[in-house]
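K.L.:
The lines below spell out each chain.
Protein chains: 2
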Amino acid sequence: MSNEKKLVEAITSMDVDFAQWYTDIIKKADLADYSSVRGCMIIRPYGYAIWEFMQKDLDARFKETGHENVYMPMFIPESLLQKEKDHVEGFAPEVAWVTHGGKEELAERLCVRPTSETLFCDHYANIIHSYRDLPKLYNQWCSVVRWEKTTRPFLRTLEFLWQEGHTAHATAEEAQEETIRMLNVYADFCEQTLAIPVVKGKKTDKEKFAGAKATYTIESLMHDGKALQSGTSHNFGDGFARTFGIQYTDSANKLQYVHQTSWGVTTRLIGAIIMVHGDDNGLVLPPKIAPVQLVVIPVQQHKEGVLPKAEEIKARLQKNVRVKIDDSDRMPGWKFSEHEMRGVPLRLEIGPKDIEKNQCVLVRRDTREKFFVSLDEMEAKVEQLLMDIQRDLLEKARALRDKKTYTALSLDEFSRIIEETPGFIKAMWCGEQACEDALKEKTGATARCIPFEQENLADTCVCCGRPAKHLVYWGKAY
Amino acid sequence: MSNEKKLVEAITSMDVDFAQWYTDIIKKADLADYSSVRGCMIIRPYGYAIWEFMQKDLDARFKETGHENVYMPMFIPESLLQKEKDHVEGFAPEVAWVTHGGKEELAERLCVRPTSETLFCDHYANIIHSYRDLPKLYNQWCSVVRWEKTTRPFLRTLEFLWQEGHTAHATAEEAQEETIRMLNVYADFCEQTLAIPVVKGKKTDKEKFAGAKATYTIESLMHDGKALQSGTSHNFGDGFARTFGIQYTDSANKLQYVHQTSWGVTTRLIGAIIMVHGDDNGLVLPPKIAPVQLVVIPVQQHKEGVLPKAEEIKARLQKNVRVKIDDSDRMPGWKFSEHEMRGVPLRLEIGPKDIEKNQCVLVRRDTREKFFVSLDEMEAKVEQLLMDIQRDLLEKARALRDKKTYTALSLDEFSRIIEETPGFIKAMWCGEQACEDALKEKTGATARCIPFEQENLADTCVCCGRPAKHLVYWGKAY
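Taken in sequence, the protein lines are chains D and G. My numbering applies: residue 270 is where the first sequence begins, and numbers increase by one. My numbering applies: residue 270 is where the second sequence begins, and numbers increase by one.
Treat each hint with caution, since some may be false.
All copies of an identical chain are treated as equivalent in the list; a pair is satisfied when it fits inside any one copy or across any two copies.
As the list claims (entries may be wrong) - SDA-like cross-link-like pairs, simulated, lysine to any residue; straight-line CA separation at most 20 angstroms:
{"id": "1", "residue 1": "325", "residue 2": "314"}
{"id": "2", "residue 1": "738", "residue 2": "597"}
{"id": "3", "residue 1": "332", "residue 2": "320"}
{"id": "4", "residue 1": "475", "residue 2": "362"}
{"id": "5", "residue 1": "325", "residue 2": "591"}
{"id": "6", "residue 1": "523", "residue 2": "284"}
{"id": "7", "residue 1": "583", "residue 2": "643"}
{"id": "8", "residue 1": "325", "residue 2": "560"}
In case anyone wonders, no lab produced these hints; they're calculated from the structure. Treat the numbers as computed from the prediction; the structure is a model and nothing was measured.
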């Protein structure tokens, strides 16, 4: 179909140039645009609507697990940021500094928050006094700024949107439970809502968050075999509490330090959706977060009865489905391509011949399968197909991820895989940072995580040959 | 009741010191806290939950009227801010400047957005080409920064949360319609959701937004007789469009400039809720935005059957009502005061004697009226009372506002009212800024608005005696 070809030609094939394919989708599907500010993007209505569905889903999960939303200032005084030594070392090189308010130079510089641990700690020190005040289970939806050199829409931008959970607990055990609970919330959200399979595990010391005792992560794999850190959950132990003096009197009237966690996911997950589900025709959206779940395309719409029928179908479906009619003056073929580009999960075609036969045509975005469905069974079929798509996207992504997950028993094998068939590499590690550094130096791969599901592939480290401590997932990452 | 007194004594009476009363409520009801950053507040869970209910209600109204949410960068390059002359003059003195990113000094300073007209215009110039691209009906939820000298929680802070709508239209008429449509959305939201009556009108040229052709406003009156600008809607005409080159080809293939609007409300509305509905026992919340609409207080909760009954009541009510049980180890009197302080609209008391009689006690926060209600009729009564409270709060606020709205026919009378019985003053105005300046100089009052509902109180200006052009609402304002 020539109209369809035309639009398809407009985006680069992912095999030809994956980075360009990614950028093309963002532009053509109206997800985001560049702005006059270097490295900052404009999230357009279609992209922002996806974020809103993600927020709604996550926010409900946070509230179900007892969390409350708050809002902290976007500025952090330099002295406050510097309180925790590891933390400031990790973040100071990449913050934006406010030095003037109006015409006056400030006595103390303020950084635009890159993350808000220091502000939460400062607040917790003021409001936590007794064991009755614990736990504090706070979350914040906001934007943060990190002065990155190289940026790419959604994946790495100077400013991005995220949520950051910050909690304080009476005991180390409770903090650890919370850290894992929220990692599981993220993993479940990615799999059940975004249809993105993840590997859960712990970061190596080299890769952990600045100031954390331990960082846990969910890692996903993109079409091009690169990994994406998709969410992290940190256990701070009582490190920040000691620095900021966050103490409470326990039930025996003894002063104790609190134990803290933090956890976050960002708009980079929109990048993950593109790179896990997208194809050469554009975006493919999981129904649960698709702003439009079904688009009705009237065929020969000028013919009597077609548009009213399309309206009737919309009215019937919209009780349970996010549905839209495209009755613009474009040709149907153009419309098919356009809504494929935007990743709309289901297309419903209705024309004079269909009306005659009391049927409509349903087409799945993901498989392009076509179904001729009696209008009497339309609602049930649409609902069924949306569930099928949601499930199949996860299964397909899991199959691809598994296919692109390799094992390496030697450094040679490791290098060859990275070079020839990029993906996750499972390999044993001695636990020494020297080997992590050497592997990165030689192959560009980093330790993505020490997965919770350990296997014993070999007894020795893939790099140095000394006794192995852990199985690690390695990969090149965004 | 002594426990109750104790808490009541903890806040200043509004007649003794209104400003202190206001601050006391914010602190005691856990709405907000001060932060380490001058002039920036921490919005605590209870305050933020109110904002979330306000957001949800407003966002639904925006979407019903065809608007879409987007997200623009938080930074504006200095050159972009300077493009529109009036606009930069209005805002440059009160912006925060980012001068360094990491360790590098920036080639061009970036201001933290005080408002986003310039960013939206820059984007619109890129994405609007044809009449088919119009209208653009965008909204953004975000935080903005204005470098204020004097700050007060919710009313005036360096950083505050808001929404800003920005729209572009083909014609001047459509832009004017939109400006008034959104003003009406705000007015309806304030009255129906927040139970705050407003006066709708137009700002004088002196008071209008920097760069606008016309600014419309909703003005409300606080308990202390001061006015609060509660929302504004601006018509920009094609001024910004000419500066930023936002043009489209019309259906006759001719180049035209778009006509634009913007409109916003902020977290200062939480300040309005406090100062319109609050009393000497604390906050009073309209049920529609109350995080907890009904609190169950078990009386003699250690007695057998009391707590299970409270749980049963909660389970029955929570289908339609946001309900919470306070089963802490405090005395009932302490709990009564505590939840009155937090403005919970309804209190439900249940004790052994009530259970025996198959009844409960319901107490209204606003009037303190007490109702003995059969448990069989509980749901219906609770629902009815919540509706009554919502309606009565608006009526009570309207009556007080009307009582505190005066007319002045002479400058003497004007000054005496401002001095002795602060409130809205209706007075005639010649339309000259000199008189506006003189009135402000002499009395501290500003023109709140030229109301849509005009009256002819006199033929001459209250200040200069020349022919009057408009009736104006005057007042001292926050």
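K.L.:
Given a CA cutoff of 20 angstroms, do residue 475 and residue 362 count as a within-copy pair, a between-copy pair, both, or neither?
P.N.:
Only inside one copy: residue 475 and residue 362 sit 17 angstroms apart there, 45 angstroms across copies, limit 20 angstroms.
K.L.:
Taking 20 angstroms as the upper bound on the Cα-Cα distance, should residue 325 and residue 560 be classified as within, between, both, or neither?
P.N.:
both (13 angstroms within a copy, 18 angstroms between copies)
K.L.:
With identical chains, the pair residue 332 and residue 320 could be close in the same copy or across copies; at 20 angstroms between alpha carbons, which is it: within, between, both, or neither?
P.N.:
Both. Shortest intra-copy (18 angstroms) and inter-copy (16 angstroms) distances satisfy the 20 angstroms Cα cut-off.
K.L.:
Is it within, between, both, or neither for residue 325 and residue 591, if the alpha carbons may be no more than 20 angstroms apart?
P.N.:
both (15 angstroms within a copy, 19 angstroms between copies)
K.L.:
Using 20 angstroms as the alpha-carbon threshold, which applies to residue 583 and residue 643: within, between, both, or neither?
P.N.:
within (15 angstroms within a copy, 46 angstroms between copies)
K.L.:
What label fits residue 325 with residue 314 when the C-alpha limit is 20 angstroms: within, between, both, or neither?
P.N.:
For residue 325 and residue 314, both the intra-copy (16 angstroms) and inter-copy (18 angstroms) Cα distances are at most 20 angstroms.
K.L.:
Check residue 523 against residue 284 for me: Cα-Cα at most 20 angstroms, and say if that holds within a copy, between copies, both or neither.
P.N.:
Neither: 63 angstroms inside a chain and 43 angstroms across chains, both beyond 20 angstroms.
K.L.:
Up to 20 angstroms between alpha-carbons, please classify residue 738 paired with residue 597: within, between, both or neither.
P.N.:
For residue 738 and residue 597, the Cα distance exceeds 20 angstroms both inside one copy (62 angstroms) and across copies (49 angstroms).
Of the numbered hints stated above, those contradicted by the structure are hints 2 and 6, listed in ascending order.
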